[in-house]
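Order-wise, the sequence lines are chains A and G. Each residue of the first sequence is one higher than the one before, counting from 1409 in our numbering. Each residue of the second sequence is one higher than the one before, counting from 414 in our numbering.
Keep in mind the hints are simulated off the structure, nothing from the lab. Where hints are given, some of them may not hold.
What the hints assert, rightly or not - Simulated pairs of lysine-lysine, DSS-like, Cα-Cα distance not exceeding 30 Å: (1) A:1630 to G:533; (2) A:1551 to G:782; (3) G:605 to G:782; (4) G:516 to A:1547; (5) A:1764 to G:533.
No experiment lies behind these values; they were computed from the predicted model shown.
Chain residues, written in single-letter form:
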Amino acid sequence: MRVKWSLAVVLLAGALVTAAASSQSAPASTAAAPPAAALPAVALPVAAALTAEFDAALAAAWSAQGLVPAAPLDEARWLRRLSLDLRGTIPSPEEIERYFARPPATRRAEEIEAALADPRFAETLAFQWNDLLLAEAGKDAEKTARWLKPWLAERLAGPITFPQLARELVAAAGAARVPGAFAFPLSYRDSIETLAGVTARAFLGLQIQCAQCHDHPYDHWKQAEFNRFAAFFAELRGDHGVLSEVGGPGFRVLDRSPEWDLADRLADLERAAAKMGRDDGAMMAGGDRAAAANRRTPVEAAALAELRALAKERGPGVARPIAAFIADGEALAELRARLPGDARELLDRYVERREKFSEAGHLDGRPYADGAVGTRRQALVDWMTAAENPWFAAAQANRVVATLLGKGLTDPVDDLSGSSDRIVPALLERLAAALIEQGGDLRFLYRVVANSRAYALGAADDADPTEAARRERWLAAHPRRTFTPEQLAQSLLQLGVGEGASDAAIARTARPAGRAAPLGEQGDPRENALLAELARCSPRRSDVNDRTLEVNIPLALLLRHGEEAAAPERLKSEPLLARLFDPERAECDRVAPWFLATLSRAARPAEAAALLAALDPAKPRAAADDLFFALVNCAEFHVNP
Amino acid sequence: MSRRPLLATAALSRRALLSRLVGACGAAFLAPGFLPLLQRHARAQEAAAGGAPTPRRLVLVWLEGGPSQLETFDPKPGTATGGPFRALPTERAGWSFSERLPKLRDRAGKLAVVRSLHSKEGSHARARLLLHTGFVPNPSVAYPTLGSIVAHQLGDPASELPSFVQVAGPPGSPGYLGVAHAPFLVARPGAKVANLAPERALERARVDRRDALREALDGGFEAEGAHAAVARNREQQRRARRLAESPRTRAFELDGESAKLRQAYGDTTLGQGLLLARRLLEEGVTAVELHHDGWDTHIDNFPKTAALCDELDPALATFLDDLETRGLLADTLVVCMGEFGRTPAISARNGRDHWPVNYCALLAGGGVKGGSVVGATDELGQSIVERPVSVPDLFATFAALLRIDGSQEFQATPRRPTTLVDPDGAAITELLA
């Protein structure tokens, strides 16, 4: 007899049991989804209608494919899944209790609304977007994330649309003390090709980055198209330092002509060289020949002086003198030969890029002409977020589906043009159209998908992994995923792990005394200590779209016996210990608080019996430690169901 | 000093190996991924028992930042680009080392140097990936780092220590080979492995009880249909416990080594790291990677590179000697390289900038023909004049030396299979002994 877990939870929580509760966890015996009464009407009729369309389209596809959808997930597990996906943590026992105390007909939809309004939802999205945006930022990604994540979390907490998000990131311009959104373009200011590739991938779901070196191997993008797209970023200039605009140290992102950039960079190099006192003199003892090779000629000195003067000017007049200089092949060659290595490299790059990025053009062939409206980056965002753009809305819709259901309708999630692995293409179009109708409202799509029957499906039995994979691909079964580092850290902290985080652990991640906190750095020291431990234990997967951790040896050691994995005090209180060994109580009841806290459900009788049989009542604290150990180290704890 | 056995198990027949492990740990180990690993290693063991050579090991000394070839393995003294240092000739005409690497020069008979390595990648991130994976980086495909490839192909599944250990530096990714082959990170040589001691402090009976409790839960979850998740968890828990209980973890501690030897390696992260590497190899680790940072000398190239060479030279030379004394060198491929070289032209900041046009790699040990030099550059070191070597060629060479079949295919993404090693490369036969 299958235990109705959610019913047991309700009983344990002491809430009133309503008759309707029994219908929630009854497993479907046929391929049909749970009876309609189990999924309540959603407050917003538009979202509800789209949810119904979504489910109908999938059901038709499953039927056509001969696929049997998985049985619906038990409600307690559904709550765990929702909590992890939208709040970034397992639900606390209090949250579980509050949930099951509500009327069953409406509580799922209400929980979804509450989760979407929860600031933790904004944080969860901020982690995801941060990783997408800084995917190619290399070694600096971690440092930059400290600026970008708080900005994202703040922006995503309020009502926001996808087009607004895109505009504030891609066309970010101005100066500020705290970089915020500027962190995104600033990370890539040395390589606009990389910026272009990341932008296309994150916002348009297009993998054009391969086309920067050659025509794309298996998609239709040509190198020329890539260059025209990247040209939208060719005027981007970013820097940081003491800025008059902010009256102190700050960050700046602007759109200027490429000539300006070259002039400033050459001037910088010259200043740096002069500062080191190595002008035309010997580089070091015995290095005369090297010095001679790098001695500047009058031509070169004049060129640099000219460029320095140009740097002082502002406005369109800048373009002509340099263009004229470049056009004179002989002067250019001489200048090139005499410039020191870095400057020569800059000049070469500049000349090359003048050609390469002189003309900007949209990926769908829509015409573009410079100077029409605003800067190139603004024009790019206008095009990206226009209703006619073939990819923007679809990319966001596909990503929401993938985030909640494990795979997108098109897979990989961000390869809309190159992938041939698509299910129900009309459905993605429908979602994209609906999103546009809603003005790109970010929470709208999450609401639609989270309320669906598809989102309430359980996982497949993977004794036959191929069949399980096929069902998961068609969204007829939900994959068992693991946690992201943030989800694991938050869940452990919520359990009370790390309450006693030693001063040593916190100190390990603290800054040296006397160093001011960089702007934007924030966060709970316990959380930071725990995240640092997790980061040390488990390198990220290399796929930017799959941020989950897999348990490996260091992580297993940490959870088995690290400081952070010690059973928390709140689970070893006198009343709880007394309860654990109370012979008057049912076995499931005795272990209930531990199960609720870790696995978000009640214990099965067989489990409870097996566990209690092995625990020693003579040493209740040790027994609680052992029980906690088992719960936190078992596979189920690490699964987002 | 007695030699410890290299592997935890004696050479067993494949069937005996399988049944022993299955008996010890339950059928769960025939989970996807583990059986192929067992089979690969068993095949290697069988081959060994049958007289074929034992599986080789890898030590990668990674010079982070792009070491200047002109101040290390391809000096051009007395030229406009040569810089202030002299060169030390070897017995072979036309082959010399920078004066800052005298000990390595003295051991040239054991070394092979490739001087004509080239690539198109001039940025650290991309070049680092290229030189670690052997493939031009592609965001759609997660290529595994070299150490993970070696652990996957040649690692001993019965080893109590992880098969791939990395000392310092950001961890490489195992890519599509999976987390089981991710590097085990040691932040500092000599540092104790984190979180081992508390496990040891518990009585065995208590640990048994805890694991039994965990297994009770895992059994239930598996019965629901979560076979893969449970199998993975069981495996990692088992390996973690085995590591915690293994006396071989003393390999991570350096206190037992003689002060004289420690001094010969040098009191540096690299020096002590290589000493640690030797100890790990002796206890069954298959691949070790060490990171030596600081070679990105855009400013003040000469004093900085000199200081780095002063660390590298004694460390690597002592390491090679040490391996040889213990009979380990013949089966250990030692590779020393960075992501690119540095510009022949010296910059206004007295530095050298990135230069992937021609740079060097050093190989020694396992199957390498000592005293070889491959490729040559022009007088100023600005171009290759002889025998260019691409990175795929280099990786094909590694595969040949390690006796790995680089043409094996893996489903890197659902749509695209990839081979372990770039098929466009050809092994440098001149280097194969």
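Exercise. Hints broken by the structure, by number, lowest first?
Worked result: 2, 3 and 4
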